[in-house]
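Based on the provided sequences and hints, a complete structural model is requested.
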Amino acid sequence: MAVSVDSSVEARLDQIESRIAIEELLAAYGQGFDQEDADRLRTIWWDDAYFDLGDVFGNYTGIDAIMEATAGFWTAMQWMNHWMATPTIKVSGDRATGACGVDCMVHDNENGPTMIGGTYTDEFERRDGVWKFSRRAFDMHYLTPVKDWTPAAGKFAG
Amino acid sequence: MAVSVDSSVEARLDQIESRIAIEELLAAYGQGFDQEDADRLRTIWWDDAYFDLGDVFGNYTGIDAIMEATAGFWTAMQWMNHWMATPTIKVSGDRATGACGVDCMVHDNENGPTMIGGTYTDEFERRDGVWKFSRRAFDMHYLTPVKDWTPAAGKFAG
Amino acid sequence: MAVSVDSSVEARLDQIESRIAIEELLAAYGQGFDQEDADRLRTIWWDDAYFDLGDVFGNYTGIDAIMEATAGFWTAMQWMNHWMATPTIKVSGDRATGACGVDCMVHDNENGPTMIGGTYTDEFERRDGVWKFSRRAFDMHYLTPVKDWTPAAGKFAG
Chain S
122 MAVSVDSSVE ARLDQIESRI AIEELLAAYG QGFDQEDADR LRTIWWDDAY
172 FDLGDVFGNY TGIDAIMEAT AGFWTAMQWM NHWMATPTIK VSGDRATGAC
222 GVDCMVHDNE NGPTMIGGTY TDEFERRDGV WKFSRRAFDM HYLTPVKDWT
272 PAAGKFAG
Chain X
122 MAVSVDSSVE ARLDQIESRI AIEELLAAYG QGFDQEDADR LRTIWWDDAY
172 FDLGDVFGNY TGIDAIMEAT AGFWTAMQWM NHWMATPTIK VSGDRATGAC
222 GVDCMVHDNE NGPTMIGGTY TDEFERRDGV WKFSRRAFDM HYLTPVKDWT
272 PAAGKFAG
Chain U
122 MAVSVDSSVE ARLDQIESRI AIEELLAAYG QGFDQEDADR LRTIWWDDAY
172 FDLGDVFGNY TGIDAIMEAT AGFWTAMQWM NHWMATPTIK VSGDRATGAC
222 GVDCMVHDNE NGPTMIGGTY TDEFERRDGV WKFSRRAFDM HYLTPVKDWT
272 PAAGKFAG
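Sequences listed follow chains S, X and U, in order. Each residue of the first sequence is one higher than the one before, starting from 122 at the first, in the numbering used here. Each residue of the second sequence is one higher than the one before, starting from 122 at the first, in the numbering used here. Each residue of the third sequence is one higher than the one before, starting from 122 at the first, in the numbering used here.
These are calculated hints, taken from the structure and not from any lab test. Each residue gets a CB set at the ideal place from its N, CA and C atoms; glycine is no exception. One should not assume that every hint holds.
List of simulated lysine to any residue pairs, SDA-like, C-alpha gap at most 25 Å [said to hold, decoys possible]: (1) S/Lys253 / U/Lys211; (2) U/Lys268 / S/Ala274; (3) X/Lys253 / X/Arg163; (4) S/Lys268 / S/Met198; (5) U/Lys211 / U/Lys276; (6) S/Lys253 / U/Ile141; (7) X/Lys268 / U/Ala278; (8) S/Lys276 / U/Val267; (9) U/Lys268 / S/His228; (10) S/Lys268 / X/Gly279; (11) S/Lys276 / S/Glu231; (12) X/Lys276 / S/Thr209; (13) S/Lys211 / X/Arg248; (14) S/Lys211 / S/Ser128; (15) U/Lys268 / U/Asn232; (16) S/Lys276 / U/Phe178; (17) X/Lys211 / U/Gly250; (18) X/Lys211 / X/Asp249; (19) X/Lys211 / U/Ala220; (20) U/Lys276 / X/Asp173; (21) S/Lys211 / X/Trp167; (22) U/Lys211 / U/Lys253; (23) X/Lys253 / S/Arg133; (24) S/Lys268 / U/Cys225; (25) U/Lys211 / S/Glu246; (26) S/Lys253 / S/Gln136; (27) U/Lys276 / U/Glu231; (28) U/Lys253 / X/Ala220; (29) X/Lys268 / S/Trp200; (30) S/Lys211 / X/Arg216; (31) U/Lys211 / S/Leu162; (32) U/Lys211 / S/Gln136; (33) X/Lys268 / X/Ala278; (34) S/Lys253 / S/Asp173; (35) U/Lys253 / X/Glu138; (36) X/Lys268 / U/Tyr181; (37) S/Lys276 / U/Ala258.
Computed far set for chain U versus chain X, every beta-carbon distance over 12 Å [as the list claims (entries may be wrong)]: (38) Phe178; (39) Ile184; (40) Asp185.
Structure below.
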């Protein structure tokens, strides 16, 4: 009986730890983009991941295509600032799905300061004990260039 | 002794899982409003829940009044976009309290694009093993119509 | 063998509970600032904590200096509104590190309504079973006064 209790505890801990690992991926995505940290971003995707940013930003299959697109975004924008909202996450064994809102301010080379809002819908897989994104799709609510929006201080100013 | 250890582990797991269930409610509230998903929103409130949005948006008692008001907001606004911030949550048995910040952009039919910021103060109850909102009160910090704010892309554009 | 299993469970629960305690600190920081709740903010810092807000807002060593600076911010700004984004947190025994994005709207007495975005990099310590901030550093991305931004409703209006 002790064994059956322990196996139930193990399953419950595993659910919780999986959720935490996925929360870390969500946060790492935003921080990695903002810090232009390609090495870190490379660790959050499975090799065969699919990344669909929609009509404006395109879709990409496989880690190399994703990282190439990422480098392109860094060229097209002076800076980015992501906030990831409190997510929903559903873990089922070695697979999980989730959704989270994003509020993103970027400085686009063409349009200048721009607010982007929307929702990511995600799929995660655990392979060899490690959780990573297998699929991320962005449902853009709006992309809005903002006027008279000039930083007076901070590393993105001037 | 094994039993007492297990009961302590059970209590600790229950606290953690309760917190996760409540985080899911917080996120579902924002996602449900933005996706105009009445079926989903109906699942997050207890039948006798109280929802107090303050002077501007009114207060509502009971699930039917809440859902009717929700439908009204969807009529009064072209779209909504909620971000729920990292919350505080305190679980005590089958009751819990919490607070979380919200950053909300809406398109109001009268005022156009509008930023709303504030804090929700929440009460949750667990009945038959399920956590739902029993009370949600909104402390509005500001409601600010924004000018020259026109989405250039995204599903809320045009 | 039961003992070794239990000790592993204990360690895993402790990791999870530590993460939760730290998430509560992150949220309490934002809520405490916005509600000008000095008593609450005083509980989140160790006596010898270091708080580095960078060039614009200065750096402070020790709880008394931190609380004095906090009172000064409340004098310099009519109001603040913080959202803390989904964080990364790494717990290692009685120490932890973390990072989280912040989206902050303030009403500065000189500049009026101002948007501040950036990332906090944090260190936490557990002493006598309690987690608190031992170090918080802010990497400001931008501080941007916004024009034509006048709340029409909410407690920060008028």
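Hints the structure fails to honour:
5 and 36
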